[in-house]
Amino acid sequence: MALWSRILNVFRGERVNRELDEEMQTHLEEAKEHGRDPEEARRAFGSTLRMREESRDIKLAVWLDSLRADVVFGWRQVLKWKTTSAAAILSLALAIGSCTAAFRLIDALLLRPLPVANPERLFFLTYEFKDNTGKTDTGDSFEYPGFRMLREAAKEDAELMAISYSSPIDLTYGGDQDMEKAYRQYVSGWTMGALGLKPALGRLLAASDDVKPGAHPVAVLSYDYWQRRFGGDPTVVGRTMRIGNYVYQVVGVIERGFTGTETGTMTDIFVPTMMNAKAIENPNWGWFRTWVQLKPGAGIEQTKQKLAAAMSAYKQERVKTWGGNTPKKRIDDYLKSPLLLERAEAGVSEMQKTYRQSLTILGVLVGMVLLIACANVANLLTAQASSRAREMALRVSIGAGRRRLVQLVLVESALIALIATVLGGLFAWWSAPFVVSLINPPDNPARLALPADWRVLGFAAALALGVTLLFGLAPALRASAVKPAAALKGGEDPHSRRRLMNALVAAQVAFCFLVHFVAGLFVSTFDRLSNQPTGFVAEGVLVLETSAKTTQDPVYWQQVADHLKTVPGVESAALASWGLMSGNGWSSDVWAGGKAPGDGPGSYFLSVSPGWLRTMKIPLLGGRDFRADDTYPKVAIVNEEFARLYFDGQNPVGKWFEVDRDKEKARVEIVGFVKDARYRTMREAIRATAYVPFRSADDKGGGLRPTDWAAFIVRTTGAEPLALAPVLRKEIREARPDFRVSDVQRQSELVRSHTVRERMLAMLSLFFAAVALLLAGVGLYGVLDYSVIQRQREIGIRMALGAQAEDIVKRVTAEVFSMLIVGSAAGLAMGIASERYVETLLYQVKATNTAMLLMPALTILAASMLASLPPVIRAVRIDPAGMLRAE
Amino acid sequence: MQGSLDLMVLKILSRRPGLHGYAIMTAIQEMSEDVLRVEEGSLYPALHRMEEAGWIRAEWITKETGRRARIYELTAAGKKQLAAEESRWGAVTSAVNRVLRMA
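Here the protein sequences line up with chains X and W, keeping their order. For the first sequence, the residue numbers in my numbering are 7 to 893. For the second sequence, the residue numbers in my numbering are 158 to 260.
The hints are simulated quantities; they were obtained by calculation from the structure and are not laboratory data. Bear in mind the structure is a predicted one, so any value in this text is a computation, not a measurement. No residue lacks a Cβ here, since even glycine has one placed at the ideal position from N, Cα and C. Any given hint might turn out to be false.
[Unchecked claim] Which chain W residues face chain X? A few, computed with CB under 8 Å, are given here: (1) Ser-171; (2) Arg-172; (3) Gly-175; (4) Tyr-179; (5) Glu-196; (6) Pro-202; (7) Arg-206; (8) Glu-209; (9) Ala-226; (10) Arg-227.
[Stated by the list, open to error] Computed cross-link-like contacts, BS3-like style, restricted to lysine-lysine with a CA-CA straight-line distance of at most 30 Å: (11) Lys-38(X) - Lys-168(W); (12) Lys-220(W) - Lys-38(X); (13) Lys-310(X) - Lys-342(X); (14) Lys-681(X) - Lys-187(X); (15) Lys-326(X) - Lys-284(X); (16) Lys-681(X) - Lys-852(X).
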């Protein structure tokens, strides 16, 4: 209570003073009435001021009062030095904002634990494997028969859960004409119980929902989807939806917060794994991640041992079913690949894998920008402090303690940091979703939850505090160490202050150089990658992924493709299993030109219809396109790389190769030869590719193999291909009512999606580089300006003695420019050392490239020249006569 | 003597609540028959300290002359404090007396 009134009194100090004065006055009046001499009575009080102070100190919380006084004084200082304060606040706001935004992203994607019970006990299984080009990669897809063995083997130590990839699927709550998309995950029935999730409505999935393949058509919705799609309608339980051939019943809604296990994708619908009926007994279909929830007290290592042993036994069984044509090396690699147990506390997603490194690097860049900003503000404050040296000296002379002075300067710094943090927070609030929108393709509604809660606020607050200490402590200690006698006489040692400022400039330049260097690497990576020739003309092409209710003979597919050619606005149309660069791929072993598969990566395959080459504008170098009656595996068209690899670059038309087909080799004749085109990604080298007829002979019997999905590839004549999409959808549905288009994409968008990460890295790092340059420029200007002001007397004398302008310029800038060189050298060393951390994100760019090293150096040099121009002009314009008379 | 001012102020206020600073000062002077004089410079800080400590509370009254005066009275905590101070004072003075007798 007493403390509270003392805290309150701090903010009504005037009233406290007034009451003290009034009480004293009453006392004196009283004395006079009792006949005492007024003068004597007043003298009896002693120093009234001292008494007032004494009583005041009792009545209010002194520490708080001095803090209040410092805040008021600090605020006046901020207002008084408008330019300095604005520069300091803006540079800090930009840096703190960027840092907070980066933290928000990193936290949301990589750190934040899933909202489930005991997330720290969650793990998932991965394994290493050699990809097509022989590089080691990690995979995490498992087959159900193997999952059963693993679960049985580890049941004493852990609960295993099969959780499929979250993927967008077509579904309908009404008729087939009202298809819509939603993200679906197959989960083991016991998952929700194990994760401790609660229903918001109805019930959740249970182990009894996951027993017999195809027998449990029940679905649970996520809270977010329930709100978005149904507006929180409580009657949603019991509604039915059709996905593929199953009609599911909605049995419940999960509590708010849980949106699946894939960070970056919000799952809408959860169904039991058994509903992926075709995949359950298939030993070759990897379609889910294996999640491991350790039981309390179970050791990680011992669980891993048990799982690895079970996995090994399973693999031994599995390779026995592989055909005799499988290369031995592949079997060995498969058997040897180790099983790994990785933490899954923050969820598991492809997005994490793709952006983990990028975000970490951006986080480091942003941290450097923050350091630059701190150095900047420290310099600005130090320069400002020099003009306040006399004020500080005066404070010391009238008895201010050292602690009190440190507090005074730190409070000022904290004020600046606080304002900057608020502004930066606003910046982060806007910029973090902006970055997410950068990496999210427009037609992919996958979303990353970006909560701004106590974690983010705490981070921003800690940042503000850390920053205050970082840039405020040096000036504060310096101010408190002031020697009154020296300062009042006209100046302490000016060099010590300049040395600190110069060191800070060097550090700024070093960080700035590094940021520029890394940005340069990313920008030219993006440039090289997006200018890679694809080998086809993407503009104007639409890819319409289409599925049929039941499998259909290829003849019908071809009929629809032929029909599309007659639609106005269509230049040509063809069929393919999928669009190029769509992420899908079919890779297979090839025996050709006397070479057997084994070490080589094999060849890509793609099923296409006649006219596909023309639609994609892939030039034919020799031979012919497919004819309407060509079938696989009779004929194929191959690319240049195929010819290089197997036929020494000769025109391969008329030659043949063999493929493994139903455990027997089939001979394929090469009828066409085309130029190279990109198949899957921008980064991989062009690989041998064989295009084969869309019409594929059935393994058993002589008919054609029917299919229930393919993609129509349509070249349009209009400027915007998507404008034709509704017409094409309608035409396809009318041509064959049981066909429906599930996804329409521009081919150019498919190509662009492969450079999204590089584009984001290039854009953001360029932005940070610009900020860093701006900050370093401002810092340099500040330091030079300060040193000119401080040395104007000296400069005046030199000029009076006949020094030329260039001597003055040299004298003023020499120190700072030597710092520039020192900083650049340090930045260069850091840059070269840092290359290996960013290497995997680069493409055809080497850090040791002269241009890469020269660019930042030149940019920084140019910016420095610009920044030093005003102070230098000021120095040269000093009027010696006026200067000498002034003091 | 250390603590004697607080003790005297508390005691006077316990007998005659509602005195202002000047009255307390003159009361001490009169009761001690002019032996003890309290300095204004120490009385008011002492009053304010005891007020913050919660032993006494103050309020403003308007006197018949129209002037406002700040009067003080004891709180419950102040009564306890007074008892404690009194017994301590008794112990100290008797101890001092013993020393004077023995020496």
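Consistency of the hints with the structure:
{"no.": "1", "hint": "Ser-171", "result": "21 Å, violated"}
{"no.": "2", "hint": "Arg-172", "result": "20 Å, violated"}
{"no.": "3", "hint": "Gly-175", "result": "14 Å, violated"}
{"no.": "4", "hint": "Tyr-179", "result": "4 Å, holds"}
{"no.": "5", "hint": "Glu-196", "result": "7 Å, holds"}
{"no.": "6", "hint": "Pro-202", "result": "5 Å, holds"}
{"no.": "7", "hint": "Arg-206", "result": "5 Å, holds"}
{"no.": "8", "hint": "Glu-209", "result": "5 Å, holds"}
{"no.": "9", "hint": "Ala-226", "result": "5 Å, holds"}
{"no.": "10", "hint": "Arg-227", "result": "5 Å, holds"}
{"no.": "11", "hint": "Lys-38(X) - Lys-168(W)", "result": "26 Å, holds"}
{"no.": "12", "hint": "Lys-220(W) - Lys-38(X)", "result": "16 Å, holds"}
{"no.": "13", "hint": "Lys-310(X) - Lys-342(X)", "result": "16 Å, holds"}
{"no.": "14", "hint": "Lys-681(X) - Lys-187(X)", "result": "37 Å, violated"}
{"no.": "15", "hint": "Lys-326(X) - Lys-284(X)", "result": "22 Å, holds"}
{"no.": "16", "hint": "Lys-681(X) - Lys-852(X)", "result": "29 Å, holds"}
Hints 1, 2, 3 and 14 from the list above are not met by this structure, while the remaining hints are.
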